[in-house]
Amino acid sequence: MHLIRCPHCGHRDESEFVYGGPFSGARPDDPGAIQDEAWSNYLTVPDNPVGPVVECWWHANGCGAWVTIARDTATHDIREARDDRG
Amino acid sequence: MMQRYSGFSLIRHAISRHRGWRRAWRSPELAESYDVLVIGAGGHGLATAYHLARDHGLNSVAVLERGWLGGGNVARNTVTVRSNYLRDESIPFFVRSVAMFEGLTRDLNFNLMHSKRTMIDVVQTYPKLRELRRRQLFMDLHGASYERIGVKELRRRIPALTGGGPESRLPIIAGMVHTDAAVNRHDAVAWAYARAADSRGVEIHENTPVTRLLRSPDGSISGVETARGEVRARKVAVAVSGHTTTLTETAGLKLPLRTINLTAFVSEPVKPLLDVVVNCPDIGVYLSQSDKGELVIGGAPDPGQSFRRDIRQSVFEDTTAALLELFPAFRTLKLLRQWGGHVDIAHDGSPIISTTDVPGLYVTAGWWGGYKAIPAGGMTFAHLVARNEPHPLIAPFGLARFRRLGFVVETGTTTAR
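Listed in order, the protein sequences are those of chains A and B.
Quick note: the first sequence uses my numbering, first residue 1, plus one each step.
Quick note: the second sequence uses my numbering, first residue 1, plus one each step.
If you're looking for bench data, these hints aren't it; they were derived computationally from the structure.
Careful: at least some of the hints might be erroneous.
Unchecked claim - With a cut-off of at most 16 angstroms between alpha-carbon atoms, the simulated EDC-like pairs for lysine to aspartate or glutamate come out as follows:
1) B:116 / B:102
2) B:128 / B:147
3) B:116 / B:282
4) B:254 / A:47
5) B:128 / B:282
6) B:254 / A:37
Stated by the list, open to error - Listing some non-contacts, in silico: residues in chain A with all C-beta distances to chain B over 10 angstroms:
7) 25
8) 29
9) 34
10) 46
11) 49
12) 74
13) 83
Claimed, not checked - Computed from the model, here is a short list of chain B residues facing chain A with C-beta under 10 angstroms:
14) 314
15) 330
16) 334
17) 404
Treat the numbers as computed from the prediction; the structure is a model and nothing was measured.
A virtual CB, placed ideally from N, CA and C, is assigned to each residue, including glycine.
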């Protein structure tokens, strides 16, 4: 059993969560103002390290919050879980 | 010269008590430089090396492998060869690859135990039926088979499929039949390409992990750093599956790829009860029966990126529950082995066979279900590496498509989430 820590509910089984993709940082304020290459990189090129990644997970069968999680791709350890809405 | 295999040679060597068999490939010394380095002695790497030598006359090619030959994803997939894709760009490529597989035993003089099986999709929801119907219309244009059958015919063809009745959670509503599908022996594919490439002068170096890509002052590729020292080459072709970005980032190159663990498991061998590949896209499980009698079972990939090659308990439970929903009799089967393999998937779910921003560096990646693509993937990647321009079949699969947001969307036509 893999436990994911929800900032609101504590440690919960992963079956309560839905993976929502890599966390790609803040969206550029004005996509029209940046170079095409920077924009397509923002959209399509995620970090892919053997190590820590930041991801979005939805606590769908729990409190419903979107949780930002720092997880290690080699060990699956979760180093940090936060609710970015504050 | 390659030692030919045949029924006659088997008898001849039996008479001499099997002392006359030669090694299928050499283990030469690692030289300081080659014309082309292929990284990864898996299906795609070995096929690429073979075609570089056969089609383009390159005789200074080395394949560098971190572990043992054929020990990566070519040994970890579920050997399903099929061409039921969605896009006009993809279908012709996979149709060609399936056709090449059919002649490969003869071409490489190696029994691949290729077995044409037909794949049947078990459809349990109307949205899925509509989606597969749409795929059928595109496939019709490119000569790939895809045909709808009713529930009665579906159950006639798969007698073990006793679940999914009218009272169940998701009653079966139709089947889609892809007669082009096949299975074969994965080790034989790796060994056959290795042997054929070796006989044309390609060197295969196992236990030679590449730690870093090397660039010359003008930015172009100059070789690689390995655990056994530096090796020089003007062209480096990366065919390493899941670890593509791990390698390219040593040359400062980020790619639109995420690495995900995909798992499979096999049952104990039982008597023949399933002669088709069964895919159940609505509940997320697929299976076939090997010649040995084992049921080879796969499910959904792990959620999130992962470089592990183990099986997650939740994925295993979900897959097994889905399987037993449709095949309740399988609950008595013991499971023998389980494993994972990490594959990288591109933003649009289509492969990447491409030149890169680093001159001399080529990548073949994003192979979600890349086993079926080995013959055509090797042929077209070799064409790209040798001539520096894409083979027409893979022209849509270059990295440039991401820059112009010209995605070839195949998301959903594999088991990818």
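Interface hint compliance - residue 334 of chain B to chain A, C-beta minimum distance less than 10 angstroms
It is violated, given that the least Cβ distance between residue 334 of chain B and chain A is near 23 angstroms, above 10 angstroms.
Proposed proximity, residue 37 of chain A with residue 254 of chain B (alpha carbon, max 16 angstroms):
Given pair residue 254 of chain B, residue 37 of chain A holds - Cα atoms ~12 angstroms apart, limit 16 angstroms.
Classify the label on residue 74 of chain A as holds or violated, using whether its beta-carbon is more than 10 angstroms from each beta-carbon of chain B.
For residue 74 of chain A, whose nearest Cβ neighbour in chain B is about 5 angstroms away, the distance does not exceed 10 angstroms, so it is violated.
For a C-alpha distance cap of 16 angstroms, please report whether residue 254 of chain B and residue 47 of chain A respect it.
Since the Cα atoms of residue 254 of chain B and residue 47 of chain A sit roughly 8 angstroms apart, the hinted pair holds (cutoff 16 angstroms).
Whether residue 34 of chain A stays farther than 10 angstroms from all C-beta atoms of chain B, as the label says:
The claim stands: residue 34 of chain A keeps its Cβ more than 10 angstroms from every Cβ of chain B (closest is about 13 angstroms).
Given the hint that residue 116 of chain B pairs with residue 102 of chain B, test it: the Cα-Cα distance must not exceed 16 angstroms.
holds, 8 angstroms
Given the proposed pairing of residue 116 of chain B with residue 282 of chain B, does the C-alpha separation stay at or below 16 angstroms?
The hint is violated at about 24 angstroms.
Would you say residue 46 of chain A is clear of chain B, with no C-beta pair closer than or equal to 10 angstroms?
violated, 5 angstroms
Residue 49 of chain A remote from chain B - nearest C-beta pair above 10 angstroms:
violated, 8 angstroms
Do the alpha carbons of residue 128 of chain B and residue 282 of chain B lie within 16 angstroms of each other, as the hint requires?
Answer holds: residue 128 of chain B to residue 282 of chain B is near 7 angstroms, not above 16 angstroms.
Is the shortest C-beta separation between residue 404 of chain B and chain A less than 10 angstroms?
Constraint on residue 404 of chain B satisfied, holds at 8 angstroms.
Hint residue 314 of chain B vs chain A: min CB-CB distance below 10 angstroms?
Given a least distance of 6 angstroms, the restraint on residue 314 of chain B holds.
In summary, the structure is inconsistent with hints 3, 10, 11, 12, 15 and 16 from the numbered list given earlier, while agreeing with the others.
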